[in-house]
Amino acid sequence: MIKRQVVPIKLKGRTIARGSAEGEVLLCRDPISFLGSVDPETGIIVEEGHALAGKSIRGKVLVFPHGKGSTVGSYVMYQLKKNGAAPVAIINLETEPIVAVGAIISEIPLVDMLEKNPYEVLKDGDLVRVDGSSGYVETLKQKSIQSEN
Amino acid sequence: MHLTKEEEQILNGEAGETLRKALEILTALGDIYDADRLIPIKSAQIAGVSYKTIGDAGLEWISDLKGKVKVPSILNPAGMDLERWDRLDISPDFAEKQKEIVQAYEKLGIRCECTCTPYTLEGFSVSYGDHLAWSESSAVSYANSVLGARTNREGGPSALSAALLGKTANYGFHLDENRVPTVSITVECSLNGSDYGALGYVAGKLVGSRVPLLHLQDTPKTDELKALGAAMAASGAVALYHVEGVTPDACRQDFENPAEKITIERSQLDEVYESRCGAGKEPELITIGCPHCSAAELEQVAELLKGKTVSKEIWVFTSRELATRFPEYMETIENSGAKVVCDTCMVVSPATNKYSCVMVNSGKAFAYVPGMCGAEAVFGSIGACIEEALGGKERKEKREVEKGEKKGPENDKKAGGSH
Numbered sequence: 015m016i017k018r019q020v021v022p023i024k025l026k027g028r029t030i031a032r033g034s035a036e037g038e039v040l041l042c043r044d045p046i047s048f049l050g051s052v053d054p055e056t057g058i059i060v061e062e063g064h065a066l067a068g069k070s071i072r073g074k075v076l077v078f079p080h081g082k083g084s085t086v087g088s089y090v091m092y093q094l095k096k097n098g099a100a101p102v103a104i105i106n107l108e109t110e111p112i113v114a115v116g117a118i119i120s121e122i123p124l125v126d127m128l129e130k131n132p133y134e135v136l137k138d139g140d141l142v143r144v145d146g147s148s149g150y151v152e153t154l155k156q157k158s159i160q161s162e163n
Numbered sequence: 002m003h004l005t006k007e008e009e010q011i012l013n014g015e016a017g018e019t020l021r022k023a024l025e026i027l028t029a030l031g032d033i034y035d036a037d038r039l040i041p042i043k044s045a046q047i048a049g050v051s052y053k054t055i056g057d058a059g060l061e062w063i064s065d066l067k068g069k070v071k072v073p074s075i076l077n078p079a080g081m082d083l084e085r086w087d088r089l090d091i092s093p094d095f096a097e098k099q100k101e102i103v104q105a106y107e108k109l110g111i112r113c114e115c116t117c118t119p120y121t122l123e124g125f126s127v128s129y130g131d132h133l134a135w136s137e138s139s140a141v142s143y144a145n146s147v148l149g150a151r152t153n154r155e156g157g158p159s160a161l162s163a164a165l166l167g168k169t170a171n172y173g174f175h176l177d178e179n180r181v182p183t184v185s186i187t188v189e190c191s192l193n194g195s196d197y198g199a200l201g202y203v204a205g206k207l208v209g210s211r212v213p214l215l216h217l218q219d220t221p222k223t224d225e226l227k228a229l230g231a232a233m234a235a236s237g238a239v240a241l242y243h244v245e246g247v248t249p250d251a252c253r254q255d256f257e258n259p260a261e262k263i264t265i266e267r268s269q270l271d272e273v274y275e276s277r278c279g280a281g282k283e284p285e286l287i288t289i290g291c292p293h294c295s296a297a298e299l300e301q302v303a304e305l306l307k308g309k310t311v312s313k314e315i316w317v318f319t320s321r322e323l324a325t326r327f328p329e330y331m332e333t334i335e336n337s338g339a340k341v342v343c344d345t346c347m348v349v350s351p352a353t354n355k356y357s358c359v360m361v362n363s364g365k366a367f368a369y370v371p372g373m374c375g376a377e378a379v380f381g382s383i384g385a386c387i388e389e390a391l392g393g394k395e396r397k398e399k400r401e402v403e404k405g406e407k408k409g410p411e412n413d414k415k416a417g418g419s420h
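These protein sequences, in sequence, are chains S and U.
Position in the first sequence (first residue = 1) + 14 = my numbering.
Position in the second sequence (first residue = 1) + 1 = my numbering.
Incorrect hints may appear among the rest.
What the hints assert, rightly or not - In silico DSBU-like pairs for lysine-lysine, Cα to Cα no more than 35 Å straight-line: (1) U:Lys53 <-> S:Lys96; (2) U:Lys71 <-> S:Lys82; (3) U:Lys53 <-> U:Lys340; (4) U:Lys309 <-> U:Lys355.
These are calculated hints, taken from the structure and not from any lab test.
Just chain S, with the same shape it has in the complex:
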């Protein structure tokens, strides 16, 4: 059993969409096209072969590298929010305009360009706070891990 660091970590980043939210981390290493990859009714990833295929992004702090695909994706994010199926917050490596605009109109806090690589610091299920207004991410509770190779 490997113990992970228990001290809360606070990572600075860049403000994209303001607001603050807490939730469980869901890591995704593939870019996301909100038009086509995500079911706007349920928040389930429906793109075949996608790293998160079949999983729901609803209520999660969704970590993905950046968006891709059609600009209509911004409106799909708004639709997810209206349907209660949106992530509570987003962390990107580097945001592009489709996801930035979608997060702002949907009031989903978004921070990118963290001072440390979120894929190395965060794990699925960690409880974190994303503060888009001040531009930081804070771990509140790390998921206890039974075994890790």
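Knowing the structure of chain S, use the given hints to seat chain U on it.
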């Protein structure tokens, strides 16, 4: 990005929620693209209009906004003719939603003119060096390249935010350094009319999103430049191009010829003209006006159709303002059985989806119809398109006389396909 005191106050919500969000969008984009500040714009053209594209979510978002735009603003083409939508098989439910979207934009002070050629509208003039926030890819290309104005290709929400604030973030094609050509294209043949659409289709695929400097043997007319830029923006992502000795930036600045050089020959354009629909299929629908027809193009179409009757479905797309300004062309075109359609186009309207083979005079439509309408596309000049629309009937009558029997749709198709 530096914000003025007034902009800071807006971002803190002191001017209301709509402007706060609008400024948040522009600030985020400015930060992503390293803009130094916001700059004033002269006009806005806003995408996100067709109900087919933005759906109920988009409608709800626009309806929730409050306030008035600060600069002259118009819209992208919608999903239907806003007045005579029932002529092209649009469902009443779709029409209802489409009208709600346009009304929501009108409430914000946006002119209910849905066109991809805003530069032809009264009160929407553009001068060299003007900063704009336009959305539609062919309009962006025309503004940057042919008019020498400066605009990025704005998404729907960012163009609307820019319109509400009268400003946009200073990055991309607003800056001199991003307007310098990065690839040279030499065309080794003479060009005329629809050749420019074919050239754009070929060139766009080769240059992607770079800024090409074209060397042409002829001096293109403005409609030909419109077709060239529209096609390069569709088959590639070209938002700015220069033509040596023709376009304003190329005439005013002595650009160095870029190191990377591409040559395009006649045979490459011929391939575009030679494409055909699948076995046994001939065009069921002919469309002209992508981008929307200018006055000169409407005159040409009217001239070709004068006193004749079409036998195939043919749609001619233009802006409502031009259709209203030139009723004599409209009358001549419609008397032939062709339909003049305003506010929309063959690409964004669901009406095109029921056809399987469409003939177009546009390199842009040729690029988009297969993916966005699920139909195969055939390319030809305006003259060839009109001939196809008229010729179908002439061939049919001839056959009927020869065979002395009543027409059968099966025979029609076979005979037409061998033409």
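Hints the structure violates: just list their numbers, smallest first.
none
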